[in-house]
Amino acid sequence: MASITSKLYSDDVSLLVVLLDTNPFLWSGENTTTNSLSFPKFLTHVFSFLNSILLLNQLNQVVVIATGLNSCDYIYDSSSSPTTVESLENGRMPALCSKLLQNLEEFLARDQELNKDESPPGIASSLLSGSLSLALCYIQKVFRSGPLHPQPRILCLQGSSDGPEQYVAIMNAIFSAQRSMVPIDACVIGAQHSAFLQQASYITGGVYLKPPQLDGLFQYLSTVFSTDLQSRSFLQLPKPVGVDFRASCFCHKKTIDMGYICSVCLSIFCKHHKKCSTCGGHYLVSCKISGFQV
Amino acid sequence: MPQVKIIAKNFMDMVAALPAMKLDKLYDNTFICEAVLRSLPPLAKKYALQMLYIDVPVPVKSMEEWVLPDGFSKHRVAIDRLIQLRVFIENTDRKRETSYLLHPKFKSNLQKYLVYGGVLPREPMPSNITVRLPTLEELDAYALEQWECFLLQLISSSHAERLTNFSPSMMKVFQRGLLSQREKGPRLTESGFQFLLMDTNAQLWYIIREYISNSEDRGLDPADLISFLLELSFHATGEAYNINTLTEIQRSIIKDLADLGVVKLQQGRKESWFIPTKLATNLSVSLSDSSSRKQGLVVVETNFRMYAYSSSKLHCEILRLFSRVEYQLPNLIVGAITKESLYNAFENGITAEQIISFLQQNAHPRVAEKIPSVPENVTDQIRLWETDLNRVEMIPSHLYDEFPSKGVFEAACEFARENGGLLWEDPKKMRIVVKGEIHMQMREFLRHQKQ
Chain A
1 MASITSKLYS DDVSLLVVLL DTNPFLWSGE NTTTNSLSFP KFLTHVFSFL
51 NSILLLNQLN QVVVIATGLN SCDYIYDSSS SPTTVESLEN GRMPALCSKL
101 LQNLEEFLAR DQELNKDESP PGIASSLLSG SLSLALCYIQ KVFRSGPLHP
151 QPRILCLQGS SDGPEQYVAI MNAIFSAQRS MVPIDACVIG AQHSAFLQQA
201 SYITGGVYLK PPQLDGLFQY LSTVFSTDLQ SRSFLQLPKP VGVDFRASCF
251 CHKKTIDMGY ICSVCLSIFC KHHKKCSTCG GHYLVSCKIS GFQV
Chain B
1 MPQVKIIAKN FMDMVAALPA MKLDKLYDNT FICEAVLRSL PPLAKKYALQ
51 MLYIDVPVPV KSMEEWVLPD GFSKHRVAID RLIQLRVFIE NTDRKRETSY
101 LLHPKFKSNL QKYLVYGGVL PREPMPSNIT VRLPTLEELD AYALEQWECF
151 LLQLISSSHA ERLTNFSPSM MKVFQRGLLS QREKGPRLTE SGFQFLLMDT
201 NAQLWYIIRE YISNSEDRGL DPADLISFLL ELSFHATGEA YNINTLTEIQ
251 RSIIKDLADL GVVKLQQGRK ESWFIPTKLA TNLSVSLSDS SSRKQGLVVV
301 ETNFRMYAYS SSKLHCEILR LFSRVEYQLP NLIVGAITKE SLYNAFENGI
351 TAEQIISFLQ QNAHPRVAEK IPSVPENVTD QIRLWETDLN RVEMIPSHLY
401 DEFPSKGVFE AACEFARENG GLLWEDPKKM RIVVKGEIHM QMREFLRHQK
451 Q
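Residue numbers (UniProt numbering), protein chains in the order written: chain A, 1 to 294; chain B, 1 to 451.
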């Protein structure tokens, strides 16, 4: 796995892109694990954490992207100039920035409108692939802003379960992050582990954590996720115990253990097809490949 | 070549050297806690942050478990720094186990800051009173002009176009260590040259450190000055703040700060105000030993020619230190790095590493993106020319001649080799050269041999 190399300078200026899971099915009272942590309390933990990141270095930057049910959007960017008369320092602190809460409310209202009438049973998955893509686009823009840019990393605060239909998009985003050497950290606040985020942290060299006690969320965030990339090589950070590398098939989006692979483009299918839907290759011989591992 | 590092003692060392009671008083101010946190090495920052909400002392062993074995030295550096600044307080309990706890005032101030944000002791003045506020560009230009004028006067009064308001005795204090008096006039010392090649923030902190150490003699409390300066770095650049919000002591030093380019003073109809410049707000960025982030202006070509896009006299003087400046056009200084100019620099005590790091840090943005920003043949050649001067090494030694017999000669060689002092031997003519340090022992040995 590619290790994170330091660029031109050796200081700890970082750009943190936080992906907040705002899935209403997750935060409403139906889910038992998040009963211990309501959405307002969750936000206070996160805002204090963002304040602490901005406190550590004058040049640190924070960007917040909300992951909704049907859409994602940028909620807050600490480097945008404050338009109000408030003093510069207070304008940057998200805790006092009513703009952030306002943006979040507007986003949730817009997301609600996009909701289709039939809602699937259980907790629907939020659009993680969309917000990962938004984060990577922002980071690419930062890379092109000149030689002196902060070291970027992504932090996913995810609670909803993985949607297998997003497998391809998420894997593409993960490999793109690996290429640009941007680690993806994951803090899972839902009931179950997330295979996608485990894979993401493993491949990009980030940290995966599922805090056992959610009311101490700020402590977990500040202890594990606040370190800059330079110091990470010296610290013992949590490693995932077992990573679930199972793929999902391209035709039905179901998670599978054994399947068929196209010899041209390596797309995965659960049933034998005469023609590959991704690259259009035809097959003369059919053979079953069992039990693949990355 | 002896390396005199004046950058080694930086501003935070001075803060750490304050007595414990004064340091505790300093931590009453939230902004100072913040500035101290920002000045810590990155690992120390993380430790301080994670201890923020922990009320029980944490044993040393638990903290060490967080670090991988090869990061242990960084861990020690971070912990030592935290203890020096009294951010971490050590207590040893009855079982002889040491544990750390965060300084209580520091902790409570930062907790409040994280949740509520900080409020400066002064608000910017409303714009109907403040007229003709300079734009940010004008402010930057003003700060740069003031600072360069000060530096030119520091190096040589003859070059400066106008003098600052500092008294001659103050200038002497600043020049101590940087200039030495010779018959032909003041000349820069080794530390002086190194000072010129440092970046602006490091230079500013050096001057401020001298200013504060000198202030004790003038009767001002250094802790007050330190707290005011650290507070100043949290003000907004370009906003006007009323002078009557400053205390007596702060008012007395605000004029000196204006001479350095840290603030700009302006007079209205009834009130006067000060405007912090970029130099002030960047004070807290440069407290830790991180590299500077300003725009570079030097392009070095592979044919050893150098082009600097600048019109400032100060830059010209600095470049003249180690290169031959050929033309000075408006906005462009053209020069060449030659063997003679480098020999000149080496004689003055500048090392090749300092020159190379100056060129790399001040590389023009067009070349800064390339790797390497300074061509390798130039950097290699600068280093080679430096080692040229070190070709001959002098060791005081003694030559032994006319040995009575081969046996004595061999024994003498063995003895010298065992004691690590043998430098050269010639078995045919039976001569050896031995280091001066073991000369007395050789004499004793040879006397014994005679008997």
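Honestly, the hints are just simulated from the structure, not real lab data.
Where is the CB? At the ideal position from N, CA and C, for every residue including glycine.
Mixed in with the good hints there might be a few duds.
Not the full set, but computed from the structure, chain B residues with beta-carbon under 8 Å of chain A [as the list claims (entries may be wrong)]:
no., residue
1, E34
2, R38
3, P42
4, K45
5, K46
6, Q50
7, Y53
8, V67
9, L68
10, L321
11, V325
12, Y327
13, L329
14, P330
Derived SDA-like pairs: lysine to any residue, alpha-carbon spacing no greater than 25 Å straight-line [said to hold, decoys possible]:
no., chain 1, residue 1, chain 2, residue 2
15, A, K99, A, F42
16, B, K278, A, L237
17, A, K210, B, K435
18, B, K61, A, R232
19, B, K406, B, R447
20, B, K406, B, K435
Hint check results:
The beta carbon of B/E34 comes within 6 Å of a beta carbon in chain A, closer than 8 Å, and the hint placing it at the interface holds. This hint holds: B/R38 has a C-beta 6 Å from the nearest C-beta of chain A, less than the 8 Å allowed. A least Cβ separation of about 4 Å between B/P42 and chain A falls short of the 8 Å threshold, and the interface hint therefore holds. The beta carbon of B/K45 is positioned within 8 Å of a beta carbon in chain A (closest approach about 5 Å), and the interface hint is therefore held.
A least Cβ separation of about 5 Å between B/K46 and chain A falls short of the 8 Å threshold, and the interface hint therefore holds. Because the beta carbon of B/Q50 sits about 4 Å from the nearest beta carbon in chain A, less than 8 Å, this interface hint is met. About 6 Å separates the beta-carbon of B/Y53 from the nearest beta-carbon of chain A, less than 8 Å, and the hint is met. At about 6 Å, the closest approach between the beta carbon of B/V67 and any beta carbon in chain A falls short of 8 Å, and the interface hint on this residue holds.
The criterion of a C-beta within 8 Å of any C-beta in chain A is met by B/L68, whose closest approach is roughly 6 Å, and the hint holds. With a cut of 8 Å, the hint placing B/L321 at the interface with chain A is violated, because the nearest CB-to-CB distance is about 25 Å. The closest approach between the C-beta of B/V325 and any C-beta of chain A is roughly 27 Å, which is over the 8 Å cut-off, so the hint fails. Proximity of B/Y327 to chain A is violated relative to the hint, the smallest CB-CB distance being about 28 Å (cut-off 8 Å).
The beta carbon of B/L329 is not positioned within 8 Å of any beta carbon in chain A (closest approach about 26 Å), and the interface hint is therefore violated. Checking B/P330 against chain A: minimum C-beta separation of about 26 Å lies over 8 Å; hint violated. Between A/K99 and A/F42 the CA atoms are separated by roughly 18 Å; this keeps the pair inside 25 Å, and the hint holds. The suggested pairing of B/K278 with A/L237 is violated, with an alpha-carbon distance near 38 Å, which exceeds 25 Å.
For the suggested pair A/K210 and B/K435, the alpha carbons sit about 67 Å apart, so the restraint of at most 25 Å is broken. About 19 Å separates the Cα atoms of B/K61 and A/R232, which keeps this hinted pair within 25 Å; it holds. Restraint check: the Cα-Cα separation between B/K406 and B/R447 comes to about 16 Å, which is no more than 25 Å; the hinted pair holds. A hinted pair counts as satisfied when its Cα atoms are at most 25 Å apart, and B/K406 with B/K435 qualifies at roughly 21 Å.
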